[in-house]
Each structure stands twice: as structure tokens, then as C-alpha cells.
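Model the placement of chain C on the given structure of chain H, informed by the hints.
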Amino acid sequence: KQWYQRRLAITAGQEVTERAAEVKKLLNLTKNKDALKLALQNPPIGHQDPSVKEQNYETVLSVLKAFRTPEIDAAVGELSDADVDVLMKYLYKGFSNSPDKAAALLLWHEKAVKKGGVGCVIRVMVDRKGI
Amino acid sequence: SSGINAEWPLRPGEWKASLVLLRIERAATYVRWSPNEDRFAVGSGARLLSICYYDEEHDWWVSKHIKKPIRSTILCVDWHPNNYIVAIGSCDFKCRVFSSALKELDDKPEVSPWMAKLSKFSTLLAEFDTSDGWVHGVKFSPSGDKLAWVSHDSSINVVDMNTQDKVSRIVMASLPLNSVIWGSESSVICGGHDCYPVLYNLVGDNVVFGAKLDVNNKKADGGISAMARFKMMDSRGGAEKDNSTKLDTTHQNAIKELRVTKMAGAQLKQFSSVGKDGKLVIWDVDALVAAIQGLKL
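Those protein sequence lines, which keep their order, are chains H and C. What the first sequence shows, in our numbering, is residues 1 to 131, in sequence order. What the second sequence shows, in our numbering, is residues 1001 to 1297, in sequence order.
Bound-form chain H, shown alone (with noise of 0.2 angstroms):
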């Protein structure tokens, strides 16, 4: 069983690093939609590997950062309600990571409450597996 999760776990490990390839290509062809909805796939939660984690926050990051502020909202609109879920816990992951991105993130997080509504946010507080 051990061998079994360690097999999981590289295999998540690699997925977020292919995941990160992937979405580079997208943002280089300026599809970001298409980037944010694929960097909010699997992500890998509870991951015992914290560079995996920050792998994966990094490539969300660099999606957000892609973003003009009026396109936020029709982007936001177009996530279905566990991306919500998902974009949420990488916001505040980044409110504590990255307090100088904080402005910018709220502007995503406005949108994203419009979305998900509060029920959204306590998710992120009621997780404890960590993002």
C-alpha cells in the first residue's frame, strides 16, 4: 500500500509539472481561459511533497498575473463550481504567500465570491489538507 501512494504521489508530482508546460503554451498562445481552466485541474492537495504545492501554486500564479483587470469577471464566469472551489483556496494561499500580490488577488477574489458566494470562502477555511 505504502509503494502504492508513493506511485500516486510522483505520478501527481508529474502531472503538475506536465500541467505547468501546458498551461505556458496556452498563455504563449494567449489563450488564457483555456490556461486557467486546465491550471485549476487535480490540484494536489494534501500533497506530502510541498514542491509539488508551490510547483502547481506558481503556474496558478502565472495565470492570474496573464489576466487584464476587465477580463477577470467573464473568466471567473466561465468556471464551473469546483474550479471556484479551487481558484478560492489559491487565493488565499496567495494572501498569505504573497502579500505583495494581495491588490491584484482581491480583485480576483471579488469575482470569485460573485461566483461561489461565501459558501466558497468557508471552504477554504474549513480545509485542512492544505492547497
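Source of the hints: derived by calculation from the structure; they are not laboratory data. Because the structure is a prediction, the values reported are computed rather than measured. Misleading hints may appear alongside valid ones.
[To be verified] Simulated restraints, written as ranges between beta carbons of each label pair:
#: 1; chain 1: C; residue 1: Leu1021; chain 2: H; residue 2: Ala9; range: 48 to 54 angstroms
#: 2; chain 1: C; residue 1: Lys1246; chain 2: H; residue 2: Ile45; range: 52 to 58 angstroms
#: 3; chain 1: C; residue 1: Lys1246; chain 2: H; residue 2: Glu78; range: 34 to 40 angstroms
#: 4; chain 1: C; residue 1: Gly1278; chain 2: H; residue 2: Glu22; range: 33 to 39 angstroms
#: 5; chain 1: C; residue 1: Ala1017; chain 2: H; residue 2: Asp49; range: 58 to 64 angstroms
#: 6; chain 1: H; residue 1: Asp73; chain 2: C; residue 2: Asp1092; range: 37 to 43 angstroms
#: 7; chain 1: H; residue 1: Ile45; chain 2: C; residue 2: Lys1117; range: 47 to 53 angstroms
#: 8; chain 1: H; residue 1: Arg68; chain 2: C; residue 2: Glu1185; range: 35 to 41 angstroms
#: 9; chain 1: H; residue 1: Asp34; chain 2: C; residue 2: Ser1235; range: 32 to 38 angstroms
#: 10; chain 1: C; residue 1: Asp1160; chain 2: H; residue 2: Arg128; range: 26 to 32 angstroms
#: 11; chain 1: H; residue 1: Phe95; chain 2: C; residue 2: Lys1103; range: 56 to 62 angstroms
#: 12; chain 1: H; residue 1: Glu78; chain 2: C; residue 2: Gly1278; range: 40 to 46 angstroms
[As the list claims (entries may be wrong)] Each computed PhoX-like pair below joins lysine-lysine, with the alpha-carbon atoms no more than 25 angstroms apart:
#: 13; chain 1: C; residue 1: Lys1256; chain 2: C; residue 2: Lys1279
#: 14; chain 1: C; residue 1: Lys1246; chain 2: C; residue 2: Lys1279
#: 15; chain 1: H; residue 1: Lys33; chain 2: H; residue 2: Lys1
#: 16; chain 1: H; residue 1: Lys31; chain 2: H; residue 2: Lys129
#: 17; chain 1: H; residue 1: Lys129; chain 2: C; residue 2: Lys1166
#: 18; chain 1: H; residue 1: Lys1; chain 2: H; residue 2: Lys93
#: 19; chain 1: H; residue 1: Lys37; chain 2: H; residue 2: Lys129
#: 20; chain 1: H; residue 1: Lys115; chain 2: C; residue 2: Lys1212
#: 21; chain 1: C; residue 1: Lys1246; chain 2: C; residue 2: Lys1269
#: 22; chain 1: C; residue 1: Lys1262; chain 2: C; residue 2: Lys1212
#: 23; chain 1: C; residue 1: Lys1068; chain 2: H; residue 2: Lys129
#: 24; chain 1: H; residue 1: Lys65; chain 2: H; residue 2: Lys111
#: 25; chain 1: H; residue 1: Lys114; chain 2: C; residue 2: Lys1246
#: 26; chain 1: C; residue 1: Lys1262; chain 2: H; residue 2: Lys114
#: 27; chain 1: H; residue 1: Lys111; chain 2: H; residue 2: Lys24
Using N, Cα and C, we set each Cβ at its ideal position, and we do this for glycine too.
Showing chain C alone in chain H's frame:
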């Protein structure tokens, strides 16, 4: 009561207060009589469920504990109609179903989807961990075939005893719910930190929003009179807005618990809600159905 040792059930006929020693080391959080009222369950911060019943022979209330595998404070308890199956929600984020079948009480448990094989007292029958938050409220449907629970991650979870691996779940945009009751076999009514009762329907495998059950009563006090409006403008220098902190829901603070007060068969007819605002409100289902368009229980 939140007393640590005592329960004071009043014996029918004489109404004599007797002491029940629960033998728990933390506060009692929740207590419910079973449907046949021959026993009651007490949830506590001691991470165990006490099932208490009266022992005629010794003129004494006995308290038996269900401990494993409960890992944290029990927040809510509900009895199945068959009187010996009980469900709990706890702070370890899980909803569990146990057998409290006791020979002493002449229980004759039967095999059912909840109890695949005859199980003695304290056997764990089912465990659900679809919630990320504390499970605030749990309730069996009127027939006992389904179980619903609400938790602090703003979700409502429902499971049918015949398909226990498939939990129907809705994750909401509103604040967490504290309590859940059934409107019928296919609808639940919940109340919580948003201060109003809300109906959700079970449609196939999905939990679908039905309606907010608090018909907006801002109109009830007629809004602000012209005189009052001018007075406000005068004192606040032109601000017309009603700056009161009054919520436009009947409850002015979170709903703590909903309770069924009247049923007609498996249909809910009337329920009560208590809130942190100190109010006890009785809600009439027929009146709500008449007032809210498209409301269906």
C-alpha cells in the same frame, strides 16, 4: 444540559426527577429520546455516545457507551424509526450510523440495508466522510431509508440506505447550515447561519435548491413612513437610507435547530426553528406552499 454527569429524565406517571449518571468527562452536547421513548441518546464532547435506559430491577438508569471509532465531539444525534439504529454527526467531519440494539430492552433487530447482518450494541453500521467540516445536523427521512446531514463546509449530503457508496451532495454558495429536517421523503428543509429555513429537493441523484422559506417580511412593518423619512433626513443630513442593522429575515441571527412539530404521514406540516436571536418560530408548511410560487415538498 451541558452538565457533565447528569441527565434528569422525568418518569411518566409520577414525574419524578431522577439522576442518570452518564459517566462522561466532558460536556453533553445533544440529547434525544428514541421514537418509542424507551431510551435516549446523549452526544458529548467526550467523543462518545451514551445510550441510556431504565433498569426496572435496580430502579436505576443505565448508561452504555458507544465509543469506537468516534474521534471528536458529537454535535447531533438522530434516531431511526425502528428505535435501535442511531446516527450521529461529529466534529471529526464524519456522519456515522450505529446499532444500539439491546437484549435488555427486548430489541429484535432485523436485517435491513442499514444493518446487513444482525449487529449488537455499538456496532458501526455505516460511516460517511464526504464533508470537510463539522457535521452540525443529521436526520433520517420519515421512513428511515435515507439519511441527510449538513456540515460546516456549506454542504448538504444525502444517502439512500440501498446505495451507501453514492452520497448525493450539494455544495452551496451560502453560509453553513446547522440543522436539517425532512419535508417529505424527497425534500429536506435546512436552517443555519443565513438565518432562514431553506428547502432543497432530491431530484434523482441530485440535491437541488428549492426555495428560501422566509417570505420577505420587510413589507410587514410598512417600510419607513414619510414622517420618519424626513426626520432621518433632518438628523442625518440628507441620508435617506435605512441604516438599521435589522435583517430582512424572521430570525435576526443564525438558526440553531429545526424541529418537526406536525406531520401528516410522511409529509411535514409544521416545523419550528430556534435561533441565536432567542426566537422560537413556528412555520406552517401549507401557508408557505401557498405563499411561495412553485414550492413543492
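Results for each hint:
Checked against the hint of 48 to 54 angstroms, the C-beta distance between C:Leu1021 and H:Ala9 comes to roughly 49 angstroms, which is consistent with it. Separation of C:Lys1246 from H:Ile45 is about 41 angstroms and departs from the stated range, judged on CB atoms against 52 to 58 angstroms. Distance hint check: the CB atoms of C:Lys1246 and H:Glu78 are about 37 angstroms apart, consistent with the given range 34 to 40 angstroms. In this structure the hint that C:Gly1278 and H:Glu22 lie 33 to 39 angstroms apart at CB is violated, the actual value being about 56 angstroms.
Between C:Ala1017 and H:Asp49 the C-beta distance comes to about 60 angstroms, which sits within the given range of 58 to 64 angstroms. In this structure, H:Asp73 and C:Asp1092 meet the distance hint of 37 to 43 angstroms, their C-beta atoms being roughly 39 angstroms apart. At roughly 36 angstroms, the beta-carbon separation of H:Ile45 and C:Lys1117 lies outside the given 47 to 53 angstroms, and the hint is violated. The hint said 35 to 41 angstroms for the Cβ distance between H:Arg68 and C:Glu1185, and at roughly 51 angstroms that hint is violated.
Between H:Asp34 and C:Ser1235 the C-beta distance comes to about 56 angstroms, which lies outside the given range of 32 to 38 angstroms. In this structure the hint that C:Asp1160 and H:Arg128 lie 26 to 32 angstroms apart at CB holds, the actual value being about 28 angstroms. Our hint of 56 to 62 angstroms for H:Phe95 and C:Lys1103 holds, since their Cβ atoms are close to 57 angstroms apart. About 44 angstroms separates the C-beta atoms of H:Glu78 and C:Gly1278, a value consistent with the hinted range of 40 to 46 angstroms.
Pair hint C:Lys1256 plus C:Lys1279 holds up; C-alpha atoms about 10 angstroms apart against a cutoff of 25 angstroms. Taking the CA atoms of C:Lys1246 and C:Lys1279, the gap is about 14 angstroms. The hint holds against a cut of 25 angstroms. Distance hint between H:Lys33 and H:Lys1 is unfulfilled; the C-alpha atoms sit about 38 angstroms from each other, more than 25 angstroms. A threshold of 25 angstroms between alpha carbons decides the hint, and for H:Lys31 with H:Lys129 the separation of about 31 angstroms lies outside it, so the pair is violated.
Between H:Lys129 and C:Lys1166 the CA atoms are separated by roughly 23 angstroms; this keeps the pair inside 25 angstroms, and the hint holds. Proposed proximity of H:Lys1 and H:Lys93 is contradicted: the alpha carbons are some 31 angstroms apart, above 25 angstroms. With a C-alpha separation of about 22 angstroms, the suggested pair H:Lys37 and H:Lys129 falls inside the 25 angstroms cut-off, and the hint holds. Taking the CA atoms of H:Lys115 and C:Lys1212, the gap is about 19 angstroms. The hint holds against a cut of 25 angstroms.
For the hint pairing C:Lys1246 with C:Lys1269, the CA-to-CA distance comes to about 29 angstroms; that exceeds 25 angstroms, so the pair is violated. For the hint linking C:Lys1262 to C:Lys1212, the alpha-carbon distance of about 20 angstroms falls within 25 angstroms, and the restraint holds. Distance restraint check for C:Lys1068 and H:Lys129: the Cα-Cα separation of roughly 24 angstroms lies within the 25 angstroms cut-off, and the hinted pair is therefore satisfied. For the hint linking H:Lys65 to H:Lys111, the alpha-carbon distance of about 15 angstroms falls within 25 angstroms, and the restraint holds.
Restraint check for H:Lys114 and C:Lys1246: satisfied, since their Cα atoms lie roughly 23 angstroms apart, inside the 25 angstroms limit. As the CA atoms of C:Lys1262 and H:Lys114 are separated by approximately 38 angstroms, the hinted pair breaks the 25 angstroms bound. The suggested pairing of H:Lys111 with H:Lys24 holds, with an alpha-carbon distance near 24 angstroms, which does not exceed 25 angstroms.
Violated hints, in rising order: 2, 4, 7, 8, 9, 15, 16, 18, 21 and 26; the structure is consistent with all others.
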